[in-house]
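Undergrad: Chains as they are written, first to last, in UniProt numbering: chain A, 1 to 346; chain B, 1 to 346; chain C, 1 to 346; chain D, 1 to 346.
Because the hints were derived from the structure by calculation, they are not lab data.
We treat Cβ as the ideally placed atom computed from N, Cα and C, and that holds for glycine.
Be careful, since some hints might not be right.
Said to hold, decoys possible - Here are the simulated PhoX-like cross-link-like pairs (lysine-lysine), alpha carbons at most 20 Å apart as the crow flies:
| id | chain 1 | residue 1 | chain 2 | residue 2 |
| --- | --- | --- | --- | --- |
| 1 | A | K91 | A | K125 |
| 2 | D | K125 | D | K91 |
| 3 | B | K189 | D | K265 |
| 4 | A | K278 | B | K56 |
| 5 | B | K278 | A | K40 |
| 6 | C | K56 | D | K278 |
| 7 | C | K3 | C | K67 |
| 8 | B | K298 | B | K164 |
| 9 | B | K251 | B | K268 |
| 10 | A | K340 | B | K340 |
| 11 | B | K40 | A | K56 |
| 12 | B | K189 | D | K40 |
| 13 | A | K278 | B | K41 |
| 14 | B | K67 | B | K56 |
| 15 | B | K68 | A | K41 |
| 16 | C | K189 | A | K40 |
| 17 | D | K91 | D | K140 |
| 18 | A | K278 | B | K40 |
| 19 | C | K278 | D | K68 |
| 20 | C | K189 | A | K189 |
| 21 | B | K268 | B | K252 |
| 22 | C | K41 | D | K278 |
| 23 | B | K278 | B | K268 |
| 24 | D | K189 | B | K40 |
| 25 | D | K56 | C | K278 |
| 26 | C | K40 | D | K278 |
| 27 | D | K56 | D | K68 |
| 28 | D | K40 | C | K278 |
| 29 | D | K265 | D | K164 |
| 30 | A | K189 | C | K40 |
| 31 | B | K68 | B | K56 |
| 32 | D | K340 | C | K340 |
Claimed, not checked - Calculated from the model, a selection of chain A residues having no Cβ within reach of chain B, i.e. all distances over 12 Å:
| id | residue |
| --- | --- |
| 33 | Y12 |
| 34 | D55 |
| 35 | G79 |
| 36 | I89 |
| 37 | K260 |
Claimed, not checked - Some, not all, of what chain C presents toward chain D, calculated at C-beta under 7 Å:
| id | residue |
| --- | --- |
| 38 | Q51 |
| 39 | Y221 |
| 40 | G224 |
4 protein chains.
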Amino acid sequence: MIKVGIIGSTGYAGQELVRILLQHPDAEIVWYGSRSYIDKKYSEVFGNMFQLVDDKCMGENMDELAKKADVIFTATPQGLCGSLVSEEILKNTKIIDLSADFRIKDVAKYEKWYGIKHQSPEFIKEAVYGLCEVNREDVKNARLIANPGCFPTCSTLSIYPMAKEGLIDMNSIIIDAKSGTSGAGRGAKVANLYCEVNESIKPYGVASHRHTPEIEDQLSYASGEEVLINFTPHLVPMNRGILATSYAALKKKMSYEEVKAVYDKYYKDEYFVRVLEKDVYPETRWVEGSNFVDVNFKIDERTGRIIMMGAIDNVVKGAAGQAVQNMNIMFGLEENTGLKMVPMFP
Amino acid sequence: MIKVGIIGSTGYAGQELVRILLQHPDAEIVWYGSRSYIDKKYSEVFGNMFQLVDDKCMGENMDELAKKADVIFTATPQGLCGSLVSEEILKNTKIIDLSADFRIKDVAKYEKWYGIKHQSPEFIKEAVYGLCEVNREDVKNARLIANPGCFPTCSTLSIYPMAKEGLIDMNSIIIDAKSGTSGAGRGAKVANLYCEVNESIKPYGVASHRHTPEIEDQLSYASGEEVLINFTPHLVPMNRGILATSYAALKKKMSYEEVKAVYDKYYKDEYFVRVLEKDVYPETRWVEGSNFVDVNFKIDERTGRIIMMGAIDNVVKGAAGQAVQNMNIMFGLEENTGLKMVPMFP
Amino acid sequence: MIKVGIIGSTGYAGQELVRILLQHPDAEIVWYGSRSYIDKKYSEVFGNMFQLVDDKCMGENMDELAKKADVIFTATPQGLCGSLVSEEILKNTKIIDLSADFRIKDVAKYEKWYGIKHQSPEFIKEAVYGLCEVNREDVKNARLIANPGCFPTCSTLSIYPMAKEGLIDMNSIIIDAKSGTSGAGRGAKVANLYCEVNESIKPYGVASHRHTPEIEDQLSYASGEEVLINFTPHLVPMNRGILATSYAALKKKMSYEEVKAVYDKYYKDEYFVRVLEKDVYPETRWVEGSNFVDVNFKIDERTGRIIMMGAIDNVVKGAAGQAVQNMNIMFGLEENTGLKMVPMFP
Amino acid sequence: MIKVGIIGSTGYAGQELVRILLQHPDAEIVWYGSRSYIDKKYSEVFGNMFQLVDDKCMGENMDELAKKADVIFTATPQGLCGSLVSEEILKNTKIIDLSADFRIKDVAKYEKWYGIKHQSPEFIKEAVYGLCEVNREDVKNARLIANPGCFPTCSTLSIYPMAKEGLIDMNSIIIDAKSGTSGAGRGAKVANLYCEVNESIKPYGVASHRHTPEIEDQLSYASGEEVLINFTPHLVPMNRGILATSYAALKKKMSYEEVKAVYDKYYKDEYFVRVLEKDVYPETRWVEGSNFVDVNFKIDERTGRIIMMGAIDNVVKGAAGQAVQNMNIMFGLEENTGLKMVPMFP
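Sequences and hints are given; from them, build the entire structure.
TA: So, in structure tokens, the structure goes:
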């Protein structure tokens, strides 16, 4: 039984970790961390957990946690994990960080986009970017995982095969993404009130969203080129789900079958990546509540571009699910253990 | 491994049966029945099932089905199950009928409220009303289960302890219920289009809804009196969930603790019924995707009435989940096998 | 041109006042009051007002306001209007208070249900309860209007004809109401976040909601009896709209036609009250954005009860629209001036 | 008083025409056409119109209509208007066609994208493309207006100033659009049911949507170049609204102020086009129920691209509102007569 501590268990991603881990056959939660709700029963914060979780919320005593837990998930705002990690801690336990603290290898880039000083740059190099389908081997032996962002997961996996094979013009990439509102977190802000989000769609972080350098890094690693992209997220009136619609110029004319073969090369053995049938496009409803990434593409012969689309559940494959997938890999379990949830519809 | 056939697998309740049974450790689906989609791949009808179900939809060849399946679920419109059942079939297999065909013991009453002639009244007496928490013993040996309606499940379980103990005036009961739109089915009707349902709430079937006699029957059995109620369902712009708010006059003044003891008497050992803490009321979001029934009550000393509230997921405890719970009981499994899904939020 | 000042113009009701008054032929807004956004441009708070309103938000300097404005609308939390009103002010201007401060004639009752001390009980007697269809004559000469609450407006108008004519048992009344989320206000609270409200329905304020005594008072005035009711509001995932479903025992058997005649007696000349056709029930979508109240009823012969239903747009007839209707009456305008908005669908 | 006939008055666009025209000071509806609901009261089809419209639905007797009406709006499926128009008709009345029949000047292109044979190609040349802000002068004297599509209106107006001034690489344009569900029409289809649309976002018509050639034509006219674009619409779970996010490579480096001056050159005197403040992006909620087009842009210096964004209400500026705007121009009225609706929020 893997003993799990969660720091930040009362955000949406934290709560999803709880939901998943309660149903995981080989894991047990030993620490429900939450600064905001210390000493409050977890099931009072999330009524779905009534009679399923009896624990109270606790602060983040890292020394105690490191002794108790085989692995710690940090589902916390940027900067917190960076301030908590230490060699001492990592000798005793593993950390899977759901924040951005260890995703960007270039500390100056991190500090510029996130506007904060990194508290433990010495661990950035060691940290493994936990995009499981791409970095599986490195994840196996990692002590510290930088769990990917929701948009980067969806965008990168949609584009990866074409980037890796060098088939698209890497500086022609435009990613137009749409996210459900759980991605905005559980903080009490007017902008996220029901009446403000409902019946509307809006772009945000235009040409400035923090996931931009993360996506660019991953696409650069895949293609071996320095990549600059346009990335525009939009807020959609729904709870869960991300859809990324990505556009790129094909370097040469390709048929559907040729591109399909490229996607299959990378994904046909991946349990969580489903390359859809021809002319069937990803829809977030078909992955809701699951760890699946549905991807597909369309070639536009008129413009010479390819449209690459991907859909995930942002709190599962985009956060808690992928974190557990990383845990499974790190602890030598079957990668989909506890993650075979059938998407829930409607 | 229990071999399961589903007739009507392409409605919302049928699809939920598939979702649940795919994750059930002791069941295997051998027949995806659907008149509307014969020969179409099931995963083309429901994209969430892509790479999880390879089968095609089939018609309802009952002889073949009865041989192949240990149990048949009929998630079909009223009248169909009644037309399919026979002694021959029931000798070979069990039937769990999610329609209303065998819920009303008085055939005249059924025919009046449903406006159709019953095709096999000879099986009505044998059929067991599968409200598991109430009729568990009878379910164990049943060949034919009348799986309860969504509103009756939620309403009856909310009121049952008070009715059974004779503590409320049975003819003062008013049930005001609110349902998500999946309860309206997957038929292509203007009234159920997104733009018609969204941003609105409406009552329907006022003083005439077909679940009225079903609820009245159950409350009559519980109380030993002939009961007439008011029942008003409302359509709510959400996918899943039923909330029933029920009002009744208390026969005598009672304290919170006294009423709580009554609820606990019936439900404290029930896995699926959660009696909430004082002054915490049921909300459908806390049971979504699960088989839980959350109930609670409030005494209004000013008016001498008790308000009894219950929340379920209409396609789980209100349909497919309870059907599987019945299957578990009939086949001697732990009652919550494959049904321990943690409610999904948000 | 009526010069209008609005205190509390940046809540949902305040903003709706602005929307309506901008399109009113005889009114002009001279003061956009808002403590929270002083000196911020109004159109930065509400983007819909871009290029329509150039004013900045201001505090509530009552002396200045009373000189500038012919009428002041206070769309503010309970207690504020009570603390601002004075003989001095009322000599110079009229006040239409959208809060509860002057709705309850019994100051002790007000203080008990609202939990605050009333700041100006000397004006309670003078204040006119602005339920226009009922108190039109008194409104004409009022200096201070207590604009009715959203639930009381919808509930009272649904029940009024039956209560006034003495046809129902007044102590059998149960009102089960459902409200869109704009009724919860624009404050930044976790409970009102998109992901908390969406895909759920919940009761709140069970047997304790502050609109209870207001409804009881109005029904008492109508019937001439002391009335106690059960009132249960529910939060619905939609922006606007209230549906009230009310139940009462008929004192004697009545036909549809007889009851219809009673409703017509009171409402057939009312522009804003629409008594629907037989068996057509109110739906909030059909009144959205308008000042209409749609009402209808159904007699249940089995139980001897009548179900009375009403639908309004909570921010129009339930708040800003009715406030403007009161203004029209007070200033001798046609009652529906600036209020003939056709309901917007979908 | 302009006498108006509407063919196709029971679709969402047709109903919006009714809503707008009922509030128009100089227009009167004399014909509520609807093949599907002949002889049914219009207010039974749309409950919001109860007591506002007494008329019954009628078929499309063009001869009679041409005599009765000064202008006919056809809010009908592709092909119908083309089959009804004739010199005879146009001698007696004007036609504003909300379908695509007369939008594409090249009949072969129309027939290829729409897959039907054009019934009256002889009128294509005469027809004026009613994008008011661009073709105002031609609209004045037109007999036959091709009212623009919803996506083309939003996309073209977002991009127009940059295209007209030759500041962007016309073959680099990618338009990623998001639409509310009313755009899918009121037909009874499973794909548009509440539970299918809610809680999901999906792309559709990828690289094949029929609005593509219409947008390309307009951008070609503006720039004087043959333009090919990528256009991807997405279905969003909301009733109304279109957001178009468009990407293009700037031909040369430009500052915010330079681009702003370009937008102001075209739009500063346009009542319905609102160029937002710096770093404020269009959101559909701020234009709901109104005829406004909110536009803005962001320059991404890193990639050398400009992101141009626009938001409209698809049934107003994207259909009925623009149609009435065209009517106003054709009949010499102030262009915003009856169209000054303040956007409704929330």
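Undergrad: Tell me, which hint numbers fail for this structure?
TA: Checked against the structure, the hints that fail are numbers 3, 9, 11, 15, 19, 21, 33, 39 and 40, while the rest are satisfied.
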